[in-house]
Amino acid sequence: MSTVVDTHHEHDDHHDHKPTGIKRWLFTTNHKDIGSLYLLFSFLMFFAGGTMALVIRAELFQPGMQIVDPHFFNQMTTMHGLIMVFGAVMPAFTGLANWMIPMMIGAPDMALPRMNNWSFWILPFAFIIMLSSMLMPGGGPAFGWTFYAPLSTTYSTDSTALFVFAIHIMGISSIMGAINVIVTIMNMRAPGMTYMRMPLFVWTWFITAFLLIAVMPVLAGVVTMVLTDKYFATSFFDAAGGGDPVLFQHLFWFFGHPEVYIMILPSFGIVSAIIPAFARKPLFGYASMVYATAAIAGLSFLVWAHHMFTTGMPVFASLFFMYMTMLIAVPTGVKIFNWVSTMWRGSMTFEPPMLFALAFVILFTIGGFSGIMLAITPVDFQYHDTYFVVAHFHYVLVSGAVFSIMAAAYYWLPKWSGFMPDEGLAKLHFWCSVISVNILFFPMHFVGLAGMPRRIPDYALQFADINAIVSVGAFLFGFSQLIFLAVVVKCMAKKGQAAVAKPWEGAEGLEWDVPSPAPYHTFDTPPKIEAPIR
Amino acid sequence: MSSENTQHEKYYVPDSSIWPLIGAIALGLIAFGAAHYIIEWSNEEAGFGHWVLLAGIVVLVVMLIGWFRDQINESHQGLYSEQMGRSYRQGMSWFIFSEVMFFLAFFGALFYTRMIAVPWLGGASNNAMTGEVLWPAFEAIWPLTTTPDGRETQAMGWGLPFINTLILVTSSVTLHFAHHGLEHGKRGALKLWLALTIVLGLIFLSMQMYEYVHAYRDLGLTMQSGIYGNTFFLLTGFHGMHVTLGALMLIVMFFRVLKGHFNKENQFAFEASVWYWHFVDVVWILLFVFVYII
Numbered sequence: 001m002s003t004v005v006d007t008h009h010e011h012d013d014h015h016d017h018k019p020t021g022i023k024r025w026l027f028t029t030n031h032k033d034i035g036s037l038y039l040l041f042s043f044l045m046f047f048a049g050g051t052m053a054l055v056i057r058a059e060l061f062q063p064g065m066q067i068v069d070p071h072f073f074n075q076m077t078t079m080h081g082l083i084m085v086f087g088a089v090m091p092a093f094t095g096l097a098n099w100m101i102p103m104m105i106g107a108p109d110m111a112l113p114r115m116n117n118w119s120f121w122i123l124p125f126a127f128i129i130m131l132s133s134m135l136m137p138g139g140g141p142a143f144g145w146t147f148y149a150p151l152s153t154t155y156s157t158d159s160t161a162l163f164v165f166a167i168h169i170m171g172i173s174s175i176m177g178a179i180n181v182i183v184t185i186m187n188m189r190a191p192g193m194t195y196m197r198m199p200l201f202v203w204t205w206f207i208t209a210f211l212l213i214a215v216m217p218v219l220a221g222v223v224t225m226v227l228t229d230k231y232f233a234t235s236f237f238d239a240a241g242g243g244d245p246v247l248f249q250h251l252f253w254f255f256g257h258p259e260v261y262i263m264i265l266p267s268f269g270i271v272s273a274i275i276p277a278f279a280r281k282p283l284f285g286y287a288s289m290v291y292a293t294a295a296i297a298g299l300s301f302l303v304w305a306h307h308m309f310t311t312g313m314p315v316f317a318s319l320f321f322m323y324m325t326m327l328i329a330v331p332t333g334v335k336i337f338n339w340v341s342t343m344w345r346g347s348m349t350f351e352p353p354m355l356f357a358l359a360f361v362i363l364f365t366i367g368g369f370s371g372i373m374l375a376i377t378p379v380d381f382q383y384h385d386t387y388f389v390v391a392h393f394h395y396v397l398v399s400g401a402v403f404s405i406m407a408a409a410y411y412w413l414p415k416w417s418g419f420m421p422d423e424g425l426a427k428l429h430f431w432c433s434v435i436s437v438n439i440l441f442f443p444m445h446f447v448g449l450a451g452m453p454r455r456i457p458d459y460a461l462q463f464a465d466i467n468a469i470v471s472v473g474a475f476l477f478g479f480s481q482l483i484f485l486a487v488v489v490k491c492m493a494k495k496g497q498a499a500v501a502k503p504w505e506g507a508e509g510l511e512w513d514v515p516s517p518a519p520y521h522t523f524d525t526p527p528k529i530e531a532p533i534r
Numbered sequence: 001m002s003s004e005n006t007q008h009e010k011y012y013v014p015d016s017s018i019w020p021l022i023g024a025i026a027l028g029l030i031a032f033g034a035a036h037y038i039i040e041w042s043n044e045e046a047g048f049g050h051w052v053l054l055a056g057i058v059v060l061v062v063m064l065i066g067w068f069r070d071q072i073n074e075s076h077q078g079l080y081s082e083q084m085g086r087s088y089r090q091g092m093s094w095f096i097f098s099e100v101m102f103f104l105a106f107f108g109a110l111f112y113t114r115m116i117a118v119p120w121l122g123g124a125s126n127n128a129m130t131g132e133v134l135w136p137a138f139e140a141i142w143p144l145t146t147t148p149d150g151r152e153t154q155a156m157g158w159g160l161p162f163i164n165t166l167i168l169v170t171s172s173v174t175l176h177f178a179h180h181g182l183e184h185g186k187r188g189a190l191k192l193w194l195a196l197t198i199v200l201g202l203i204f205l206s207m208q209m210y211e212y213v214h215a216y217r218d219l220g221l222t223m224q225s226g227i228y229g230n231t232f233f234l235l236t237g238f239h240g241m242h243v244t245l246g247a248l249m250l251i252v253m254f255f256r257v258l259k260g261h262f263n264k265e266n267q268f269a270f271e272a273s274v275w276y277w278h279f280v281d282v283v284w285i286l287l288f289v290f291v292y293i294i
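Chains as they are written, first to last, in our numbering: chain A, 1 to 534; chain B, 1 to 294.
Each hint should be verified, as a subset may be incorrect.
Pairs of lysine to aspartate or glutamate, EDC-like flavour, derived with a Cα cap of 20 Å [claimed, not checked]:
1) A:Lys23 x B:Glu82
2) A:Lys18 x B:Asp15
3) A:Lys23 x B:Asp218
Label pairs and their in silico Cβ distance ranges [claimed, not checked]:
4) B:Leu248 x A:Ala493: 46 to 52 Å
5) B:Val58 x A:Phe337: 36 to 42 Å
6) B:Ala137 x A:Tyr148: 25 to 31 Å
Partner residues aside, some chain B positions facing chain A, computed with beta carbon under 10 Å [unchecked claim]:
7) Trp19
8) Leu29
9) Trp41
10) Gln83
11) Pro136
12) Phe138
13) Leu144
14) Asp149
15) Ala195
16) Thr222
These aren't lab readings, by the way, just hints derived from the structure by calculation. Glycine residues also receive a C-beta, built at the ideal position from the N, C-alpha and C atoms.
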């Protein structure tokens, strides 16, 4: 269905000279190189954050204190969250955006190629600074990734300033990355690539970039207030000086709630590319997908206080935030309905990307349902700060966001590397992951409802059996990811079956019109798009 | 939406550049140095933090000079296109939007404190017992001249800030005249109005500094004097930092104008600085209303 004339492939060969050695990666302005850097960095952080999760689960395997002391345990929960959110999931999506958006819209590169490299190279420095804080006297951040005041002000260790400044430069990186994406989409589309012809991955990233630019500065503001409260004796979050610790939570979650959609909207785009490809049918309800994404993003600014039902807000505010939160289920439901309808009577095959996309649809829906349970103010008083919350957000972030990233990796690895991911290993990875992720996170719902709090290194005896099962699931899931590493390394080492330009029969989009691996420069001259690509 | 893209010149993609990496190193050094400096300062111990911070700032300045030099050279070689001009302008607009959201965080803190936190501390809503039990003497007023734990300060008047408002608004007008001069090829008017804008900006900044001295010395209004002083100093302080940055941008533009840069077609850097200046002006007007007057 894609009608592309005049793609000028002969130009690509002509221009396909790339710099060599370390300088290529340090000084690059190429969106594909920078995309690879983001993805590899994110992969590294995924294993670093995962290792910390395993430390947490090892300690929680049995009641009582076995392996680490409580302060170190708190540092592990904090760093695990920060690394997974800011180091693994967000950079992975930015990497995918860098690789795919210019190819999907027929642009020669990102709109601001040098700033693109700046955005990336800030990240390693930010994480070195943040991780280095753990070596300081008194240890690193131990207040949870949400760094609630007064835990992060009155009761935090000396090293908090390192955390604050690491967040600052990470935020600068995110904002620059998002500006680059949004400008690329607005200004670099090939002729005929109208907004309503863009692939949904581009659409979801367009909206995600807007969310990033809108809320990362608020995060910068709130960490600044933490810094001045801790080191300069201000009273933003201190009632004795006229401030309010609850103000912290309002500001943080005004950032934090759009942030969780920043970590899921690109997933929606990925799944909306993969399901039609393997169902061999156009995406059902393209326009409604676009509007649903925009609606979710708009509502994300009006629901932040559903994280704060137990802070003693006025009843009116609680009700407002409860209903707004439930409203989000409507556009999300539209999306799930559209994915299922796309598969309806399609001629489906189940290659690794499709397996992960299907697992995403099912498991993300489970996470969505527990989200609706948490949205109900009166029952949230029971669920708040328990393992039920942990189960909820890991269903949407691990079996949601992370699974979609894996689906994207399997889907586009042929285009990136020129080699097909090893199908046997990939399927083994899928089945190990999908089984272990449920052993890991599903029982958390039960201990949560039974009252086990989050972020504790020790727990009451009645939670012992389920915690043992959860820990076994955690180690199974963690080690399953080594299979994924093996698949990626095999592709990077150029082993296995070579990929053709369009390795997936039903795939649609401009990225499949260029050879695999994609030439260093694509679409030097923009292609002309004359019909929707769906 | 596609009609604007019908004529496609080749979009210039720079080959490779050392500056982004240098910029990342600079930000890394600044973050690491500033954090250690603050930790050492609060513990009253000697350390390396300030040296690392200083090194980071030096590297950042070198990076900015090098990066902008490359860009200006490329522009003069005619490598840029109208499409690229749009990229830059859209990028700058989104950057200013992100700055708006940064200030929103602090305005949000101000509004929340004034409308919710302070009244609740005084017993409003369902908090009658809070005041009775914790701070029976506390009176919920704004400006909050006495904190719940008894720290006292005086409120900042709005006489000097009113003059400052006039100065900053005038500077936006003079800058608009400068831009008008550039658009119509009147280089003399451009230089004159631009120089006047910079002078007004610097007067504004010196008056702000005087106001801070006045606050600390005469009013007892400090960073330590509770939420009124906190919102006052962080809002005006971040605004002052933005005015400083805007003034630096305009000074660079002034020297570039003297060197004969910019014309009607090729003036992105100038335009961006103008937008930025108007943005800090608008923020100030909101500040003047919500921090000083109301």
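Evaluated hints:
1. A:Lys23 x B:Glu82: violated (31 Å)
2. A:Lys18 x B:Asp15: Holds. Lys18 of chain A to Asp15 of chain B sits at ~9 Å (cutoff 20 Å).
3. A:Lys23 x B:Asp218: Violated - the C-alpha atoms of Asp218 of chain B and Lys23 of chain A are around 57 Å apart, more than 20 Å.
4. B:Leu248 x A:Ala493: 46 to 52 Å: Given a distance of about 49 Å, which is inside 46 to 52 Å, the answer is holds.
5. B:Val58 x A:Phe337: 36 to 42 Å: Violated, at about 57 Å.
6. B:Ala137 x A:Tyr148: 25 to 31 Å: Hint holds: Cβ distance 29 Å, inside 25 to 31 Å.
7. Trp19: holds (7 Å)
8. Leu29: Holds. Min distance 8 Å.
9. Trp41: holds (8 Å)
10. Gln83: holds (6 Å)
11. Pro136: violated (14 Å)
12. Phe138: holds (9 Å)
13. Leu144: holds (5 Å)
14. Asp149: Constraint on Asp149 of chain B satisfied, holds at 4 Å.
15. Ala195: violated (31 Å)
16. Thr222: holds (9 Å)
The structure does not agree with the numbered hints 1, 3, 5, 11, 15 stated previously, though it agrees with the rest.
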